[in-house]
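Peer 1: Residues per chain are reported as follows:
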Amino acid sequence: MIPFDFDYYKPESMDEAFKCYQDLLINNKKPLYYGGGTEIISMARVKGIVFDSVIDLKGIPECSQLEVSGGKFRIGAAQTLTNIAECNAYPLLSKTIKRIADHTIQGKITIGGNLAGTIKYREAALPLMISDCSLQVMTQGGLAELPFSKAFNGKLQLKKGEFLVSVLIEENDLSLPYNHVKRTKQEKIDYPLITMVALKNEKAIKTAITGYGDNPIILSERIINHKLYNVEQKINKIINLAHSDCKGDLSGSREYKEFVLENMLQEMFSNFEKIG
Amino acid sequence: MHLSGNSIIVLNVNGEDKTVMVKPAYTLLHVLREELSLTGAKSGCENGDCGACTVLVDDMPVKSCLMLAVEAVGHRITTVEGLKNAPIQDAFIKNWGFQCGYCTSGFLMVCHALAMHKPDADDPIIEEWLQSNLCRCTGYEEIENAVKSILSGNYK
Amino acid sequence: METQLGKDTIRKEAKDKVTGAAQYTNDLTDSPMLYARLFTSVHAHAQIISVDTREASAMPGVRAVITAKDHQVICGSMLQDRPPLARDKVRYYGEPIAIVIADDEMQAKAAAGKILVEYKPLPVVNSVKEAFKKNPVIIHDSLMLYTKSTKEVYPVKGTNICHHQKIRKGDMQKGWLESEIVVEGSFSLPQSDHAAMETRAVHCMIMPDDSVRIKTSSQSPYEVKESISKYLNIPEGKIVVQVPFVGGAFGGKACIQPEVLAVIAAMSVKGKWINLANTREEDMVTSPCHLGLEGTIRIGAKKSGQIMAAEMTFQIDTGAYSDISPKITKAIAAECAGPYRIPNIECDCYSVYTNHPYITSFRGFGHEAHTFCLERMMDKLAVETGVDPFQLRLLNLVKAGDLTPTQVKVTASNTGNAVECLERLKAIMNWEEGARIIEENGLVRAKGISCLIKTSDTPTDAGASAVLTFNTDGSVNLDCGATEIGPGMKTTAAQILAEKMRINVNDVYVKLDVNTQSTPYLWKTVASMTTYLVGRAILNAADDAISQLMNLASIALRCPTEELDFENKMIFVKHDPELYIMFKDLVKGYKFSNGNSFKGPVIGRGSYVMGNLTPLAEASGRGTPGRSWTVGAQAVEIEYDTRLHTYRLLKAATVIDAGKVINPKTARGVVMGGMCMGLGLGTSEDFVYNEDGIVEDTSFRTYKMIRYGENPEYVVDFVETPQIDAPYGARGIAEHGIIGIPAALANAISLAAHIDVNRLPITPEFIWRERLKR
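Protein chains in written order, with the working numbering: chain A, 1 to 276; chain B, 1 to 156; chain C, 1 to 774.
Honestly, the hints are just simulated from the structure, not real lab data.
Every residue gets a Cβ at the ideal spot worked out from N, C-alpha and C, and that includes glycine.
Wrong hints could be hidden among the right ones.
Here are some of the chain A residues that sit facing chain B, going by a computed Cβ distance under 10 Å [as the list claims (entries may be wrong)]:
(1) 7
(2) 9
(3) 11
(4) 12
(5) 37
(6) 39
(7) 58
(8) 101
(9) 103
(10) 106
(11) 189
In the DSS-like style, the derived pairs of lysine-lysine whose C-alpha atoms are separated by at most 25 Å in a straight line are [said to hold, decoys possible]:
(12) C:15 - B:148
(13) B:118 - A:98
(14) B:148 - C:665
(15) C:114 - A:30
(16) B:118 - A:188
(17) B:94 - C:511
(18) B:84 - C:15
(19) B:94 - C:651
(20) C:651 - A:188
(21) A:95 - A:188
(22) C:89 - C:134
(23) B:94 - B:84
(24) C:380 - C:399
(25) C:7 - B:94
(26) B:148 - A:98
(27) A:159 - A:47
(28) A:29 - C:114
(29) C:651 - C:665
(30) C:7 - B:148
(31) A:185 - C:773
(32) B:118 - A:95
(33) A:150 - A:203
(34) C:15 - B:94
(35) A:185 - C:651
(36) B:148 - A:188
(37) C:660 - B:94
(38) A:237 - A:227
Please put together the full structure from these sequences, using the hints given.
Peer 2: Printed below as a string of structure tokens:
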């Protein structure tokens with residue numbers, strides 16, 4: 001039971017949604033964009049967030065697209081993890097999001113919600129961080145397309161009132177060889193101790209992890225692909241470099257996470273080695 | 001659509017259109033139980049962790065504690081009360097799939113949906129779907145036997 | 001007539017439970033209904049300087065806000081140490097301070113958020129060690145002044161010890177002299193939670209004549225009535241407690257906790273129902289949880305492995321209040337030797353206050369905890385002596401004629417056949433192939449075992465009763481005080497009755513809910529004792545009904561009763577079965593052919609009380625804590641990844657001497673459920689406290705239990721050595737599946753990873769840390 005009342009808006013266009021938010025702000029309201037709502041509802045129940053209006057983005061066609069067209073995989077921000085995984089245009093993304101929460105909730109969580117939420121893991125961001133990806137964001141000046149790295153730095157970097165419309169991933173990256181490992185404290189259905197994803201194109205391996213610290217991070221591409229270091233050196237250097245990012249929490253201590261990351265990196269290198 | 005305060009909405013539940021008065025803050029679970037007296041869906045954690053409140057929305061399982069009732073407008077909701085002699089119900093009885101029964105409605109709905117969408121589901125898929133729910137009485141073996149007994153061929 | 005026992009019998013309420021028709025407390029429609037919500041402490045130990053309820057009271061829809069100022073109640077099942085709403089200070093995180101009652105749930109919750117409490121934080125006792133050290137922070141200043149509801153609780157002045165139970169058996173000096181090998185170990189397991197899927201819920205209304213109506217998710221409806229009467233000085237007859245289906249309990253719903261709050265709340269809004277239902281977070285920390293335990297054991301043995309002496313100290317983390325912890329302390333002490341023959345024992349078992357959530361009974365009643373310590377010691381002794389773990393256990397198992405730690409003589413009837421359980425387990429686990437098997441890819445398969453034993457530890461006067469009435473088709477209605485919490489007790493009761501009356505179980509109709517005003521008394525639905533207690537009462541009730549029916553039949557058939565027999569709802573003349581009369585023609589009395597009638601409706605009455613139990617003596621622990629002991633043997637097989645230190649559960653096995661298996665699939669299910677819960681304790685379940693004593697994992701998001709597919713393959717087998725005084729020989733088995741599993745898992749992992757697992761739960765990080773120490 002959410003212990004406070006709020007208004008519910010379900011606009012049918014991007015403009016309507018944007019304007020709705022602005023109008024509410026002008027009227028001293030505290031609006032919130034709403035996707036799947038799983039995080040909003042559970043946090044509101046314990047008064048972890050306070051708002052008085054929600055703007056549900058699920059009625060906006062652009063937020064619901066899910067197709068590969070024009071050389072890009074286009075995912076509307078309000079698409080559910082289940083639909084994205086079923087469509088399976090980007091297997092690494094499918095694999096990653098099939099390990100977020102549990103299967104039933106995957107039918108409710110939206111990719112926009114996972115990227116924009118306050119829960120630190122944002123596992124859906126990992127495959128996007130390491131692929132050629134951009135975000136369409138509804139802004140004051142209309143729909144803008146931003147490189148993923150610019151709009152997402154550990155968390156979504158949006159101005160007040162802006163909202164994520166869609167995620168665009170270059171078709172070329174969708175079928176690259178990949179690696180995905182999620183380790184938890186113990187149980188399968190849990191927040192990650194560490195989740196790691198990696199892609200390998202003809203030039204380089206790209207790797208991102210979450211659970212390690214406060215936000216998802218990209219591991220140094222320079223070290224991972226360094227010509228002179230052997231695997232052991234690479235791993236040591238990566239762990240040293242990420243040392244300041246590493247934080248202990250309920251899932252595991254700092255030292256243990258470093259041990260786990262070491263193993264994950266070893267596996268990743270050896271997996272990619274196998275495929276050549 | 002804009003709803004504020006007490007609002008009248010129409011929900012399609014178990015094949016019938018129901019007109020109910022809700023606040024936008026009401027979860028689907030709350031409305032099913034308190035406004036429509038469909039108490040088969042249980043509240044176990046109100047946090048999406050246990051699955052006792054699972055219902056079907058357009059034939060897919062949803063944890064009704066994590067859905068606003070207003071979000072369900074225009075969709076088909078099925079609760080355990082709407083399972084009319086579905087094979088999974090009998091399968092749970094025959095396989096001792098429950099003890100206290102509190103998690104049962106939620107498990108039934110997940111299994112029912114699984115059988116509809118993936119009648120030939122293999123172990124990993126069954127596991128993926130059923131790990132959304134918690135049972136504290138059984139050791140899950142009975143639930144496994146129950147769901148597997150209906151997963152083959154035509155499920156109606 | 002075919003027997004009704006030993007047959008898979010579908011539970012009576014099966015259809016209700018697969019259709020959503022089964023109603024649990026919060027499914028009941030009561031009107032007019034108000035909603036009560038709790039305001040709870042954010043500190044683990046703090047003085048309450050002030051509680052400001054003014055803003056909350058002024059919120060829309062609010063009918064009342066209640067704090068400790070509004071009543072004088074002090075609760076406690078053994079030691080009255082717990083104000084239902086914190087008074088002057090809070091002693092644990094989540095302790096209720098105020099109740100808000102409003103027209104709807106949203107209003108109540110919103111108003112609860114407006115209560116302002118000023119605290120002065122006090123130093124926090126965050127572990128048993130801190131509670132037990134010299135000059136500790138004292139959590140209960142008035143410990144020695146608390147009212148005791150039983151003589152069997154021994155608090156220690158000037159300490160945090162609310163109970164100390166001693167066992168002194170044999171001659172320790174002699175024991176140590178005869179020992180050639182001594183092993184020692186210290187163990188700990190944290191508090192955890194029952195985590196029944198239904199959170200505790202109560203509906204309560206005070207009627208115009210001040211009588212109290214309570215509907216609650218409880219295992220103890222009669223104790224709810226008696227306790228409320230005592231705490232609030234209300235005549236018992238004015239309190240009516242109803243219990244519909246209960247959504248899992250595991251001991252957690254035996255404690256009288258939400259009911260007291262609900263009654264206090266309802267008193268401020270007479271004539272209206274109030275609804276008080278825990279959120280999951282409240283159910284985990286505000287309501288009582290599962291004990292934590294620290295144990296140190298020293299065992300002396302001959303080189304052969306024969307145990308000669310044991311010295312044990314156990315400290316229960318009882319949390320902020322005692323509830324039933326002194327009795328768990330007693331139970332651990334009474335069975336400190338496990339199912340083993342230990343001639344000389346010194347055991348000190350303490351119940352210790354900390355600033356953690358308080359504990360209550362939990363499946364296993366402490367045995368799941370101390371067995372972990374003891375059975376780890378058995379494996380350590382096996383390593384020291386070089387004796388195979390199975391052989392070592394076989395060598396030391398109790399036999400008829402041995403004395404228990406409380407000096408009760410062991411017989412086949414009162415203890416069953418542990419040797420047979422162990423032998424069968426050995427075959428099931430394929431022990432011959434070895435206990436540690438190295439596989440490919442850095443994987444190791446390993447097996448661990450544990451024995452188990454448990455008696456009931458009930459009060460010496462625990463009793464039960466049953467009433468039978470009849471339908472005009474000759475079928476029987478059974479009413480007894482057992483609450484239907486999951487293990488299918490009502491169906492077991494029906495089978496026992498059917499067997500006794502030689503009718504089909506389908507001709508027994510069971511009242512599934514309990515209403516203390518009409519349902520005959522049962523102490524509580526706990527302690528795996530319901531089959532025994534209710535079963536004995538039912539047998540007596542059946543005898544009563546049969547004798548009435550036979551007397552009537554004797555008149556109807558003009559034949560002495562000794563020449564009559566009965567079966568299948570019919571009474572017949574033994575030497576001429578064609579002379580018979582049906583139950584249906586007798587159950588309302590007998591009507592002669594001329595219309596004259598004789599005797600009224602048949603009602604069968606039966607009652608039973610535990611006989612021959614005695615309290616344990618304060619100095620030696622000598623006494624009889626139960627009528628019988630259930631014994632068994634358990635094993636867990638895992639696959640361990642030597643590189644990652646993760647592991648997978650492959651197999652869990654239990655062989656229990658059940659005396660007689662009444663409903664095989666149900667018995668198997670209950671044992672598997674116990675094993676699954678034990679695996680939860682072993683692998684992942686624990687309360688994590690921060691340095692301020694705040695529990696950090698109060699939801700299922702972070703408090704992790706076994707999910708579908710993580711469970712192993714289960715093997716369950718039953719030995720049947722009848723307990724002569726039990727209904728058809730059936731022993732209690734409902735809790736026992738949990739008892740040895742954490743120990744067996746710990747033994748398997750110790751072996752697999754070459755570490756000494758001395759605490760639970762066993763996470764990969766824990767194994768990794770232990771490996772680093774090597």
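Peer 1: Would you mind marking each hint as holding or not holding in the structure?
Peer 2: Hints versus structure:
1. 7: holds (4 Å)
2. 9: holds (5 Å)
3. 11: holds (8 Å)
4. 12: At about 8 Å, which falls below the 10 Å cut-off, the nearest Cβ of chain B leaves the hint on residue 12 of chain A intact, so it holds.
5. 37: Interface hint status for residue 37 of chain A: holds (6 Å vs cutoff 10 Å).
6. 39: holds (9 Å)
7. 58: Holds: closest Cβ of chain B sits about 8 Å from residue 58 of chain A, inside 10 Å.
8. 101: Holds - the Cβ of residue 101 of chain A comes within 10 Å of chain B, reaching about 7 Å at its closest.
9. 103: The hint holds - residue 103 of chain A has a Cβ within 10 Å of chain B, the shortest such distance being about 5 Å.
10. 106: holds (9 Å)
11. 189: Given a least distance of 5 Å, the restraint on residue 189 of chain A holds.
12. C:15 - B:148: Judged against 25 Å, a Cα distance of about 20 Å means the pair holds.
13. B:118 - A:98: holds (16 Å)
14. B:148 - C:665: holds (18 Å)
15. C:114 - A:30: Answer holds: residue 114 of chain C to residue 30 of chain A is near 20 Å, not above 25 Å.
16. B:118 - A:188: Holds, at roughly 22 Å.
17. B:94 - C:511: Holds, because 22 Å separates the two Cα atoms, which is no more than 25 Å.
18. B:84 - C:15: holds (12 Å)
19. B:94 - C:651: holds (24 Å)
20. C:651 - A:188: holds (18 Å)
21. A:95 - A:188: holds (14 Å)
22. C:89 - C:134: Distance ~23 Å between residue 89 of chain C and residue 134 of chain C Cα, so the pair holds.
23. B:94 - B:84: holds (17 Å)
24. C:380 - C:399: Holds. Residue 380 of chain C to residue 399 of chain C sits at ~23 Å (cutoff 25 Å).
25. C:7 - B:94: holds (13 Å)
26. B:148 - A:98: holds (22 Å)
27. A:159 - A:47: holds (24 Å)
28. A:29 - C:114: holds (21 Å)
29. C:651 - C:665: Given pair residue 651 of chain C, residue 665 of chain C holds - Cα atoms ~19 Å apart, limit 25 Å.
30. C:7 - B:148: Within the cut-off at roughly 24 Å; holds.
31. A:185 - C:773: holds (20 Å)
32. B:118 - A:95: The given pair, whose Cα atoms are some 19 Å apart, holds under the 25 Å limit.
33. A:150 - A:203: OK: residue 150 of chain A and residue 203 of chain A at ~23 Å, within 25 Å.
34. C:15 - B:94: It holds: about 11 Å lies between the C-alpha atoms, which stays within 25 Å.
35. A:185 - C:651: holds (21 Å)
36. B:148 - A:188: Answer holds: residue 148 of chain B to residue 188 of chain A is near 22 Å, not above 25 Å.
37. C:660 - B:94: holds (23 Å)
38. A:237 - A:227: holds (14 Å)
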